[in-house]
Each structure stands twice: as C-alpha cells, then as structure tokens.
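S.K.: With the sequence shown counted from 1, adding 2 to any position gets you the working numbering.
Misleading hints may appear alongside valid ones.
Pairs of lysine-lysine, BS3-like flavour, derived with a Cα cap of 25 Å [to be verified]: (1) K158 - K172; (2) K209 - K279; (3) K209 - K172.
Calculated from the structure, these hints are not laboratory results.
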Amino acid sequence: MEPRFMATAIGSLPHTDTGAACRLMLENLTGMPPWPQLPARCFLENMYAQYSEGLPGIRVDESARRVWFQSDEMTADELEEFYRLVIEEDLDSFAVSERYAAGLAGFLGGEFEEELEGRPFIKGQVTGPVTFGLTVSDQDGRASLYDGTLEQAIVKGLNLKARWQSRELKRAAPEADVVLFFDEPYLVSVGSALVGVTREQVIRDIKECIAGCGADVTGIHCCGNTDWSILFEVGVDIVNFDAFGCLEGFTAYHREIEAHISRGGVIAWGVVPDSEKAIGLSAGGLADILEGAFDTLEGRGIDRETLARQSIVTPACGLGPTSVEAAGAALSLTGELSNLLRMRYF
C-alpha cells in the first residue's frame, strides 16, 4: 500500500446534521473518506455505547449517559445464545444500527452512492477491545476487561461487528478497498500501576479482535504517548498517532518504525490539531513539523522517499469534542496538507 500522504480522519465530528457531516468527510478527504461518528447527536454515538449492541449483559441508560455490563444478571442462556451467534458467524446480529451510528447509515443507505463511486478507499472504525474493556465497567464499577468472561465476549463481539462493518462498507463502495481502524486511546494507560493488564494480554486481545475482520487494510489509532511497540506488534497495516503532540516519543521507536515500513506498513501522521488550534494554522507550518520528523527518521537510517510513499495524514484525534468551525478547519487543513506534500514529493 502506497497512499502517498493521502488524507483521512479518525471518525468523530461535532455535528448533529448527519448529511452535513457525511458531505464534509467526502469533500475534504477525497481518497479515503471515513463515515462520521456523531456523539453530539445522541449518547448512543459515544464510542463505547456505539459498539455495545448485542453484547451479553450490556445495559445503556441514555438519560444518565451510561453504558455498563450487568454481569450479575447475565444468565447462562444469554451467554449461550451469544456464543451460538458467534460460532454461526451471524454478522447481522452484530450490526451497528442507525440509532447508534447515523453517519454509518448515511454512507450505507445509498444517499451518497454517487459520491462514493471512484474512491480508492472507504474507511470505517471500531472501538478497540482494550479501550472498550477498560472503560465500560460492570455493575460494581470494575473494568470489564478484568473479568475473563466479559473480556472474551468483548473481543469476539467487536470482531464480528468489525466483520459486519467491512462487509457493509464493501457493499456501499464495491470499487473501494475497505480500511478499518481500531481505536485504542486507552493504550496510554497500559503499563500504569493503576491499570491491571499485561502487555501480552493487550496484544493478544487486539490481535484476536482484528483477525479475519474482513477489511482490505487494517489500522490502529492511539492519541497519546504509549509503548508504541505494542501498536507495531499487533500486525496492522497502518499505525496512527498524534503527531502534533507526541512526535518525539513516537520517533524514538525508529527501529519499530523501520521494520513496519520495510514490510509495507504505513504511518498515519496525526499532525493536524484536533482542537480550536486548527483555526488559522497553515498547511505549510504543519508540513514543516512533518519534515522535521522525517529528518529525524532519515538520520536514523529510514529511507525518506519510502517513508513518504507509505504515509497518510490525519487530524491528531477525533474531532467530536471540538466546535463545528474547528472541525471544518481541521478537515480542510488535512486535505490541504495532503495536496501540499504530494506536490512536494511526487
């Protein structure tokens, strides 16, 4: 895969108008448009609630803005039915419905069929199992990832949701390759004394969740400093990080970056700020930041031209918490940066 600074985004936008959000993605991220997650529209589009449908023991309280596992009420019959659907690979039972993802429904529903034609890629996203499991607790407030039964249900459920989404995106854009990111912002906490999961558990769960997900291209996103070797070890095609705030920490892993690039992997540089800072910034200034990172990696033995061919540009993180104005500026800037770097290198 040689995206050559193609532009894409993490997924979330602050909009409540589904059509406007879809159009913004399609107009600014022409080569790899993602469907928009719209957490301001309703709580069900929160990145944890959004992927909770169909998991055993799950409860969602929209008015309290809460999602949790009621594991003390989860019956053997409920678990048995869940695993029957898993074994039968009943993907439709793991669909993400329009109530939970209006932007995805917008991409899949045919309204943007013409706009999706001719796109080389179409991007989707799924909350990763570690982030989901460390954030969604049980009825006692204990992270669900610490419960072996819930952990396995999360991994298998999210894997089937990923497979369903890959299938549906391919139906919506048959000519495009499906790119699917697994969003793992909570990896910033792995290794902390406050988080009781091992590196091995993290890698195992993410690998299992990604395996056979049906996407043509897989990626992983983390928007804070972490042990970056984990992201390179889980076997994805694209590693996406906050290059606006975590550049020095990331480039310190130059050996892992070089190995990833040498086997055809891609780096997605989240160099466009995911905040009001995007308003008024120039593509040239952000290109200079990226060139500095390229200088550093070239000095450590990584071929600059190969790195350029195997790079993507994105905002640093999801744009859901920003203003509509800042989100529009960030996506416009991402597209402008892509064009500038392509002109400079190719």
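S.K.: Next pair to validate is K209 with K172; report whether the Cα-Cα distance is within 25 Å.
M.R.: Judged against 25 Å, a Cα distance of about 22 Å means the pair holds.
S.K.: Hint check: K158 vs K172, CA-CA at most 25 Å. Holds or violated?
M.R.: holds, 21 Å
S.K.: Check whether the Cα positions of K209 and K279 lie no farther apart than 25 Å.
M.R.: Not satisfied, since the Cα-Cα distance of roughly 35 Å exceeds 25 Å.
Violated hint: 2 only; the structure is consistent with all others.
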